[in-house]
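**Student:** Listed below are the residues making up each chain.
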Amino acid sequence: MDRRKALKNIGTGIGTIALTPAVVSLFHSCQTDVSYSSVFFTENDFKIVSTLMELIIPKTDIPGAIELKLPEFVDAYIDAVYDEKRKGRFSSGLEEFLAAGIKDAGKEKAIHLSITDWDSQLAKYLKLGNEILEDEKQAAKFAGELRSLTVNAFKTNEFIGENVLAYAPIPGKQEGCVDLMETTGGKAWSL
Amino acid sequence: METNYDAIVVGTGISGGWAAKELCEKGLKTLVLERGRMVKHVEDYPTMHNDPWDYKSGDVITQETRKTQKKQSRTNYTTNESGKHFFVNDIEHPYNEVNRFDWMRGYHVGGRSLMWGRQSYRLTDFDFSANLKEGIAVDWPIRYKDLSTWYNYVEEFIGVSGKNVGLPQFPDGNYLKPLELNCVDEVLKSSVDGGYSDRIVANARVAHITEGTKPGLGRSSCQYRDRCARGCPFGAYFSSNSSTLPTAEATGNMTLRPNSVVHEIMYDADSKRATGVRVIDSETKEIYEFKAKVIFLCASTVASTSILMQSTSDSFPNGMGNASGELGHNIMDHHFQVGAYGRYDGFEDKYYTGRRPGGIYIPRFRNIGGDTNQKEFLRGYGYQGGASRGSWTDTVSEMAYGADFKEEITKPGDWSMGINGFGEILPYHENKMILDYDNLDKWGLPTVTFDATIKENEKKMRIDMKQQAIEMLEKAGFKDVKGYDNDYAIGLGIHEMGTARMGLDRETSVLNANNQVHDVPNVYVTDGSAMTSASNVNPSLTYMALTARAANHAVNELKKMNL
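In order, the protein sequences belong to chains A and B.
191 is the number that our numbering gives the last residue of the first sequence; the numbers go up by one with no jumps.
754 is the number that our numbering gives the last residue of the second sequence; the numbers go up by one with no jumps.
One chain only, chain B, in its complex shape (with noise of 0.2 angstroms):
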């Protein structure tokens, strides 16, 4: 077995397959280590063509299930039987929550690059800039203009439907065709577009082919199936095994060693360089040692901080690159479940056919300046959502049961529509994650414990998130409208991050302004670990174009023999 490469790349998610396709393109032998088992592309989806009545239970996830992935399933949205492979045995796989945290993951090639939202959204300087403007935690240390043309660079490669409307907390991208909205869509876009200043209802932004081809194995447009969680047959929407990894591999530079639970990076106090990782093979349990000039931590959040902090020696007592004792603090995730819902009567005879996988969006229209500041909270917050037809109206129960009623189920029912929020969490110190020692998983590994909760600027927020939300299905007509703020526990919005922020000197923070680790610059984080702030959109393309910005630097430093 070859145990020297160019570099290491440490996960195949989203900001790993990105690392693997950017070195091996740029000529690096690199070995890419996944902890996770093999995932092919339509070869390993078995689920991908599976209707309703494949499953005795309709495809809702079952006690049977509960058993093995109880914290998985808990959330009540995340799994059901045609997707629960994706998704860890929590028998297996155990962490500790001093408060509720949801942590849902898949460990498999592709992570939860195939299990993702696909909502594709850019920073703004609103956020870059918002640490430092109201003196809270620290400031990042790049701005939107050091993104930008990586954003352009990924979404030309990933494809991600979408348009441009030319708002400064909405940048514009590089979109592919977008989704068309519904009749009802176009009822709350009227009235909010004509009946607001600060605000606009957009098409959503969704990683998926609309037209055309991108690279990848024979990756074309949505076919509207609604089964992405599945694994895409067309590849139509953006996971690591259709598009990075696959072109990584055509290279010819990557090795793939799935089934390999990197815990440890080897430093070197002389060089002051990392020199490789140390591996379980998590099905010998046999250890192994790979040497690198360069490493890419890209495991995901949690796994890459419990890597650094697991990696101690007489340099780093208190884990790698954390001489600021930031390195497992500043946990941060996007707040949700919070928003309203009402019915629409009319467009009786109208439809919609596809189903389609985004709606509308509502981008952040609070503390962007002037009028939309805030007094009660900072930062902002954006809508998702959707109208459809729905399939048991008023109607139908008048007609209680029997033949009419038989008849009338098999129409499309009310429209009706939903509007949720997702609002930014402050990075708090105290939100944290700590390894325990005392209770070992079965490879003799340290687990994970939670301590975060959601404060008083969260909370607030949440106020303002119902009330916008009834307000402008009100204003627009619609009926019977209902606010909701449903228990909300951080990490179920999936998007945990912060824990190993970039920042502007070793002192309060872990990576520099290329995802380096300070102190180890031949060790890059790239994944939901380096944010400084949360922001308020859904993360994935940023941590693409950071990794993507990151691999190009580090090949650059190579080059100059500087690392």
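Only chain A is shown next, with the shape it has when bound in the complex (with noise of 0.2 angstroms):
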């Protein structure tokens, strides 16, 4: 390994990392259109999963959670982690959040809700101040599972990790207090 190369490219590296349009476009020009079977979830779940993380991590000026593959992650994860009690938990949250979600839309299928929907849906579970009603606590929980492992599978993204976080594989120092700006631009540390 070239220990001094690494050691110069990080030295050089931080409190400079921002996202510029050109390693955006690189990003996008790694993008595939082959269609992903799900291993954890049903089609029609993983259709309907991918667009709640799309809420949840939507695109800004970097890309969001259908663009990094998030869904793709959560279902890979899900079925490669979770045992067999945990991953009965999680199916059955997701029923009764799709459940709740058809009454109040007033729809015939999980499907057939729009994006508009499923928002006032995470916003009545997730948002701090609304009141859960007792036979919704699972679809709340699932929601909030939910919302963790999207925050997980955006932080553990190659590409997030890489040019959104402060990434600094061989810090090569360690200082105790230093300046969250000067250091990281305040970003939070990939690694």
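These aren't lab readings, by the way, just hints derived from the structure by calculation.
This one's a predicted model, so the numbers in the text were calculated from it and none came from an experiment.
C-beta: ideal position from N, C-alpha, C; glycine also.
Keep in mind that the hints are not guaranteed to be accurate.
[As the list claims (entries may be wrong)] With a cut-off of at most 25 angstroms between alpha-carbon atoms, the simulated DMTMM-like pairs for lysine to aspartate or glutamate come out as follows:
1) B:K247 <-> A:D45
2) A:K187 <-> B:D245
3) B:K602 <-> A:E175
4) A:K124 <-> A:E145
5) A:K141 <-> B:D671
6) A:K173 <-> B:E377
[Said to hold, decoys possible] Residues from chain B that face chain A, not an exhaustive set, calculated with beta carbons under 10 angstroms:
7) S248
8) S412
9) Y542
10) K597
11) K602
Work from the hints to combine the two standalone chains into their complex.
**Tutor:** This is the structure we're talking about:
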């Protein structure tokens, strides 16, 4: 490994972490259109979960959940990491969440709900100060867990980890108390 | 194949590496036997540069891995995907539990010196004299003065970062520059240092090079990557692979043989000496015998004890050196997973650089004389911990989700701090390991059964450990302070020790003051099994010092023709 080079890169990289349009378009060019076969979610559930995740992490000047393939990550993550019991709990939470959505929107099937419908469901469960009805506790719990999974996927994403958060695979030095803006431009460390 | 050597070392971990280095440097032709596979420094660290996104689970242990590492993974803190190859396969290496016992280990060259926690503290005379003073178990046959120069010696070679503070319960040592405390660590430090007369917040002491270089394979300063347990390409922390084994190799006196499962020490009743060891090749299952004048048993507490137990003969029907009946008994560990954490408001514009390998350490402040003496429990505990900025904050959850939320989670969250107690477990005769000859492993060797629990003294200590942690954080101005006492079972500290204890005589102990088996002076046991009491500090540094001291003794005895 070329330690000298790595250290030099770190030295010049910190403090100037910014996302340039060139970097973004470089990322876009890596996108493929191959359709993904989900391993944990059903095909319909995967579409809905993708919509929900895009509402949680929407596209801004940096890519959103769908473009970052966060739904794919979460699908594979649950399949690989959760045990059967936890998978079952998560699935029944999803069912409750979908059922509550159908009821509130007055529609027949979950797949018929619009982005606006799902947005109001997330708002109901995730915005502070809303009272959660007893029979919607599981749905609310699901919304919270999906948000945590989405944030985890976002922070574990290579593009975000290397370009948006402050990435220092080989910090080379340890300082106890430094200025946040000078050190990372206000960003959290990626690792 | 050469079968005759001056010395045989069993094991290549913290203790075995030191025995190999010392014996080879002193000119002994030394055979070093390791039951696991070869791991070469840097070359065999396949995951050392991986990022979390190189794993589909983000480096979290998967259900697939749990199938073969059920026990190694059940603590949820020992293993992850990037480090799992340094832990044993539980199906191939089974053991039995009367009570839950977490036996976390790796079978490969370097042993747990590759994945250890690296906290390096000295025992003190509070530890060495406690058993005698309190009438517990047996007296240590040594005191701090017997070990202090050896502590200096090993610290000089391995490199330990730390700071001298001049307290008898936290002895000064031979330290490289300390890791820096962060701004919130400093808040706790000034509150504790100023607000208590019996305790301080000190810098952690960790086996990392923080300035200059150290001997071995190009060992240089820590780069603060926090990927230690995968093997360090800079050799910045001490491991056998980067340090002691290459030094032994360089002498030309070492023969290292991996895949060699030692299961028995051979004994000659006429000369009253061990003659060598029996080995099963783990790959071919062939059996070999190797002979030597002196044997260093450094296979780790449970394995070394198990080898002694299997070394039966007319002279030792209950296991080699087991006239006392103490072999396999008195198993100890450090009890932990008790402490407190809290949030700190302020310093929003402050951060830190580097992923440091150690934070703060609060040395023992109970039962060290005067007002510190407790009615409720014997011995003491210390805390390890540190402050950091999290990734989730209350302000973030107010944003719930969406574009502002997304922006907010790219920023560092609130400051929080946790301090975690590590307490001493007393040596109880009834806490033991035995061999099960009805359940054999794939090499036809008996498996180990553990039967050990913590008792009243530890439970009462835990109440104080939690209470004091809460009090210190609250006094320092932390918010939402919460104490915790999670399930702890013996073994989880990964400091199992005491099953072939040192002592003053063969009637009550297995080893003498020089780590020789009382009845077989050419067998030295210098890993955790030698511990007469546990102290409350991380033990590896003490194993190194005991090993170097014992190796020096062995070479002098060989010169005097005493072995």
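**Student:** Against the earlier hints, flag every one the structure doesn't satisfy and list their numbers going up.
**Tutor:** Per hint list: zero violations.
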